[in-house]
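Input sequences plus hints: build the corresponding full structure.
Protein chains: 2
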Amino acid sequence: MARLSFREQVLRVREDAIVQSVNRLLAEKGFDAMTVDEVAADVGIAKASLYKHFASKEALAAAAMVRVLERALQVIEAQAARPSASAFDCLREVTRWTLQTQLAGEMPSLPSQNSSLRGTLIEDKAYVNLVMEVSERLGQWIVQAQQDGSLTSQLPPEVILYTLYARACDPVVGFLKAGGQHSDEQIVDWVLTTCLDGLAART
Amino acid sequence: MARLSFREQVLRVREDAIVQSVNRLLAEKGFDAMTVDEVAADVGIAKASLYKHFASKEALAAAAMVRVLERALQVIEAQAARPSASAFDCLREVTRWTLQTQLAGEMPSLPSQNSSLRGTLIEDKAYVNLVMEVSERLGQWIVQAQQDGSLTSQLPPEVILYTLYARACDPVVGFLKAGGQHSDEQIVDWVLTTCLDGLAART
DNA sequence: GTCTATAGCCAGATAGAC
DNA sequence: GTCTATCTGGCTATAGAC
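First to last, the sequence lines map onto chains R and B. 107 is the number that this note's numbering gives to position 107 of the first sequence; each next residue is one higher, with no gaps. 121 is the number that this note's numbering gives to position 121 of the second sequence; each next residue is one higher, with no gaps.
In case anyone wonders, no lab produced these hints; they're calculated from the structure. Hints should not be assumed to be uniformly reliable.
Copies of the same chain are indistinguishable here, so a pair counts whether it falls within one copy or spans any two.
Result set (DSSO-like, lysine-lysine): computed pairs, CA atoms no more than 27 Å apart in a straight line [stated by the list, open to error]:
#, residue 1, residue 2
1, K125, K47
2, K125, K177
3, K47, K177
4, K125, K52
5, K57, K47
6, K57, K29
7, K177, K52
8, K57, K125
What follows is the structure in structure tokens.
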């Protein structure tokens with residue numbers, strides 16, 4: 001990769017700061033409640049300057065999603081590098097990271113109904129490629145874990161994949177945290193248990 | 001209860017129509033995307049007339065929540081009237097109703113972050129009483145099912161209660177329906193399985 | 001590229017006649 | 001209570017100077 005000029009490095013650092021703010025605000029308030037004014041204030045620049053970097057509010061959200069998907073892929077690759085870990089172990093640890101990220105207030109959440117937002121996302125090649133890459137990697141682990149008998153074969157891989165994705169916006173995490181009675185680690189363990197072991201007693 | 005005058009009956013029918021529209025629109029688009037203009041158009045009256053019946057958009061949402069909680073309580077009571085049903089059976093069937101209602105596009109969904117909405121809800125005695133009543137009834141079944149060994153005792157009743165409530169906004173239902181490949185009944189069964197049996201294989 | 005100032009729009013809520 | 005017409009505020013996005 002070519003070396004970046006000083007100007008380009010400054011640009012990149014600034015955009016990183018913007019996306020980081022967007023990420024936090026999306027996690028905290030959601031897409032609709034987040035305003036571009038807030039983002040600008042949080043970054044410490046004028047709103048008009050934001051629009052020099054990103055074309056729209058939707059583009060800001062897309063950048064935040066790309067960021068979190070890149071992190072997810074890093075976590076996936078870190079798990080894949082553990083020789084002693086089974087496919088089931090890898091899925092559990094990636095899901096644990098998802099819950100921890102949500103609990104830390106760093107998991108952006110977007111409304112799935114918003115059509116202009118959907119449009120921006122599917123036009124974003126980086127976003128689409130990352131979703132496909134992450135789904136592909138998780139899908140391979142799912143099939144493998146079903147074959148070795150650690151994941152149930154009663155559900156299609158698709159259902160299992162969606163169920164794991166859904167942990168990124170599981171409201172149970174927020175309810176338990178709002179109660180203030182339990183440690184983050186305890187909350188993550190409980191939600192992981194409901195997800196993997198279910199609510200019915202295991203004999 | 002005193003007989004209602006004709007005028008009062010007309011009023012009640014109209015308000016029922018309003019709340020029904022709100023319920024459907026909340027299920028379809030969510031609170032933020034739903035506009036009061038849409039509600040008025042859907043009911044077939046002027047927006048100003050809506051505000052004679054309900055003080056604010058938040059009050060409309062609260063009325064829809066009261067309506068769905070009343071229905072939930074009816075379902076709970078229908079289950080409680082089945083002498084042969086175990087506590088676990090009752091919980092499963094109430095959860096099934098929740099998923100079916102969501103799948104039918106009749107489960108209103110509210111953003112849990114919105115503070116003015118939260119304020120309106122907790123000021124609404126009917127809403128608060130219904131939430132408490134539903135939680136109480138489900139809580140009793142949960143404790144009973146844990147005692148008879150059909151529900152896991154590894155999780156606090158609170159965690160199980162929240163996990164069941166969360167089925168009302170489980171995004172997996174919408175993902176699977178959007179795929180268009182599966183019947184509603186199949187989707188409900190799969191999500192019930194993930195919830196009660198978990199993703200890990202049962203030996 | 002950064003800023004201040006503002007355009008343009010939309011949605012919640014209300015005024016006032018009937 | 002219902003309507004039409006309007007107010008009001010907040011938000012996205014942009015113009016234009018520096």
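Consistency of the hints with the structure:
1. K125 <-> K47: within (26 Å within a copy, 42 Å between copies)
2. K125 <-> K177: Between. Shortest inter-copy distance 25 Å satisfies the 27 Å Cα cut-off; intra-copy 35 Å does not.
3. K47 <-> K177: neither (33 Å within a copy, 39 Å between copies)
4. K125 <-> K52: within (20 Å within a copy, 49 Å between copies)
5. K57 <-> K47: within (11 Å within a copy, 30 Å between copies)
6. K57 <-> K29: Cα proximity of K57 and K29: in one copy and across copies (14 Å, 19 Å).
7. K177 <-> K52: Neither: 38 Å inside a chain and 39 Å across chains, both beyond 27 Å.
8. K57 <-> K125: Within. Shortest intra-copy distance 17 Å satisfies the 27 Å Cα cut-off; inter-copy 38 Å does not.
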